[in-house]
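K.L.:
Residues per chain are reported as follows:
There are 2 protein chains.
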Amino acid sequence: MKLGSGCGVEVNGFEGENESLEIEDAVRVLLQGLGEDINREGIRNTPLRVAKALREGTIGYTQNVEDIVHGALFPESGLESGHAGGVGGLVIVRDLDIFSYCESCLLPFKVKCHVGYVPSGQRVVGLSKLSRVADVFAKRLQDPQRLADEICIALQDGIKPAGVAVVLQCLHTHFPNSESAFLDSNHQGWIKSLVSSGSGIFEDETADMWSDFMGLLRFRGIDVTQACKRDCTVWCPSQTFSKIAPPNLMMTTAVTSILRSLGEDPTREELIGTPARFVKWLLNFSSSNIEMKLNGFCQNRIDLLKSGGDSIQREQHMCSELNISFWSQCEHHLLPFHGVAHIGYYSAEGINPIGKQLLQSIVHFYGFKLQVQERLTRQIAETVSSVLGEDVMVVVEASHTCMISRGIEKFGSNTATIAVLGRFSTDPLARTKYLLSIPNSAKNL
Amino acid sequence: MKLGSGCGVEVNGFEGENESLEIEDAVRVLLQGLGEDINREGIRNTPLRVAKALREGTIGYTQNVEDIVHGALFPESGLESGHAGGVGGLVIVRDLDIFSYCESCLLPFKVKCHVGYVPSGQRVVGLSKLSRVADVFAKRLQDPQRLADEICIALQDGIKPAGVAVVLQCLHTHFPNSESAFLDSNHQGWIKSLVSSGSGIFEDETADMWSDFMGLLRFRGIDVTQACKRDCTVWCPSQTFSKIAPPNLMMTTAVTSILRSLGEDPTREELIGTPARFVKWLLNFSSSNIEMKLNGFCQNRIDLLKSGGDSIQREQHMCSELNISFWSQCEHHLLPFHGVAHIGYYSAEGINPIGKQLLQSIVHFYGFKLQVQERLTRQIAETVSSVLGEDVMVVVEASHTCMISRGIEKFGSNTATIAVLGRFSTDPLARTKYLLSIPNSAKNL
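Top line first, the protein sequences correspond to chains A and B. When the letters of the first sequence are read in order and numbered with full-length UniProt numbering, they come out as residues 1 to 445. When the letters of the second sequence are read in order and numbered with full-length UniProt numbering, they come out as residues 1 to 445.
It is worth saying that the hints were derived from the structure and are not from the lab. Do not rely on the hints blindly, as some may be mistaken.
For identical chains, the list gives no copy identity; a pair is met inside one copy or between any two copies.
Claimed, not checked - Okay, derived cross-link-like pairs now, DSSO-like style, lysine-lysine, Cα gap no bigger than 30 Å in a straight line: (1) K356 <-> K160; (2) K356 <-> K112; (3) K433 <-> K112; (4) K112 <-> K192; (5) K433 <-> K110; (6) K160 <-> K112.
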């Protein structure tokens, strides 16, 4: 039996197994390549956490669809053609939240899975099995179309229905890097891919049954008008890079070893460039590579103090920069987290005397490291304070991949952190006023 | 280590353990009390499935918060009062989807959990642990306020922060019964309870930190204005029944034995009436108790055919009754599912010649049984066809508790089924036209 999220049945969790130890060794190489001290308390256990997360996230390699479907096929009369529930008797489970790992870059991607079938042979399958089978193939290194095809084929073989249809809405993170992020504030958001796969009576993409399937998606508010061509272009943004010279041979070799430990063949065509691409992503978060970007800060601060000397007695107004997007990498799991920072401060003029771009640079600077959100928030506040005065409040909202991709699967969850300095730490009304100025962000994250 | 949803690590899954065998025996008594043949193929393995589901769903009794938090406390400098991230340095995880079992009636209830704390002692906790700890207490028989209090106390003890705050938005199903459902079509929807619990600097409900916490919830679109009184009235609708005479002593005794097998004390005050209440719920779905309600059907049909004799040659118009709500009980897991049925047909007048109420009665009749959604859909179609003519299309949309409460945890997922007869089975355009007439239902389910 497969046991589920948070049910918390104790299992050994891969600890101490050879494959895990190999991954841990490789992760230590990666951390050192990022310039980290692998004995630092916050990351000392990161190799073990990464090994567990990766092996859980790719456990589909060891799973068998027959074991899942077996025993969950139920006899159900009246399912032959000509009866209600015959042809036209579509069963579809919509809005299954799953995630997978991109085989091009090793980053997780999110999937809304819609899966259906038309029963035949007087047989239906337990609804939860559609979800379990989808998960078996999601928990491997994938690309969207192959994921859809593999789910489809497995259900067709396992249930032997009149046909199976699968539609996946996939979301891949953009692939910002520490250089472009300083130039381009628009790196937030997702790359979308909509793919489908059909077997049996769904094999023909123009089959009438597809209209029924899409009709059932439509009134759940799912837009499938741009749907579902097999020849969709490569979606992983790392693929658009021109040939990447191996950025760091030791790190690349370490990632190759991780692929092998997960049961993959690193010489498989789609995986050949993956280690270099993952290392390129990871190196965005090396501990020191963009220090120089902030060199101008002290001078700015001095200039400001000079020019602001005559405004010290003027009334101070609460100001705000909202929704400064950022990317970061969780130091506990080496998984991305991303979100927005809101920065509140006081200024005599009621306007930002240094411009939004410098605040963006500060946020990016602290994002592009191995981080925890609590520290990121505090560091932004302290640095902003050195530029914009002592009264600073920073709110960071972020989605953490580690909250969805390690058996926790809290897809909608979102973490908010606050750091306050000066007046904001002593005046609750100032905090409340600032929080009221932040717009509803539920849609953004 | 705790392993997660769909990760599918093989564990024994309680099978064959004494507690499970006791629950299986009790479930057989319940099935027989419902008038079911316990050897029928669809429910032959239901006792085992129910035992596993209940033991997974209450696994929190065997879990230990210290095991979870241990090793996930990370040193983080700059978290003392006076620094950014000191007082005011709130960390909050929002929108955790969890579920629990109501101790009053044994039905599952859904929870949106928002949990936060203010770090102290230069120590933060891994974000996922807030979710894991919430789950430990959710996976027990609960009521909302105690659930909030237990999460709060456990995190305060485990992390020793400046304070912990917990806000739960709980949704309990209504408690329709087969009698009232025929009278009251408005039994759909949820009973809501909003509760909070605070410790440390959140212990005082008027503390400033609560404003910060509520502020962070507000801009995620979470309405907490009616918030959070401890003295909220009893929320479980079964509690509003006047004293229930034990409806069936053997069934009630069986439920008491299940409580004991789960590690609960059936003589605990809050549980004394639970077996009788659960049996009362379950008896709604006994295999035969409302047959008589449909006695009028044949006569209706005959009258219709007579009165409609002269309209047979007239043009037929597609008609529809949308959003007929229903409750049912999944025969595989004895867990509720609920949703809406949409019924399409043709009539000469373009109006429903028999009234919406009779269609509602048909839907309720087939809902109030142990069911699977596929069969429910077909049965509605066939019966409607006997009343309204051979061209019938039925779409059923439902949320299945068994998709969220057994380690699958696909909270947003939703199942749609179609059954077609006559013209709808041969004319794809008729199906498409009917599907286009169904409004977006994503909000309803």
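K.L.:
Now tell me if each hint is right for this structure.
P.N.:
So, going through the hints one by one against the coordinates:
no.: 1; hint: K356 <-> K160; in the structure: neither (59 Å within a copy, 38 Å between copies)
no.: 2; hint: K356 <-> K112; in the structure: neither (35 Å within a copy, 35 Å between copies)
no.: 3; hint: K433 <-> K112; in the structure: between (37 Å within a copy, 26 Å between copies)
no.: 4; hint: K112 <-> K192; in the structure: both (11 Å within a copy, 28 Å between copies)
no.: 5; hint: K433 <-> K110; in the structure: neither (35 Å within a copy, 32 Å between copies)
no.: 6; hint: K160 <-> K112; in the structure: within (24 Å within a copy, 38 Å between copies)
Violated hints, in rising order: 1, 2 and 5; the structure is consistent with all others.
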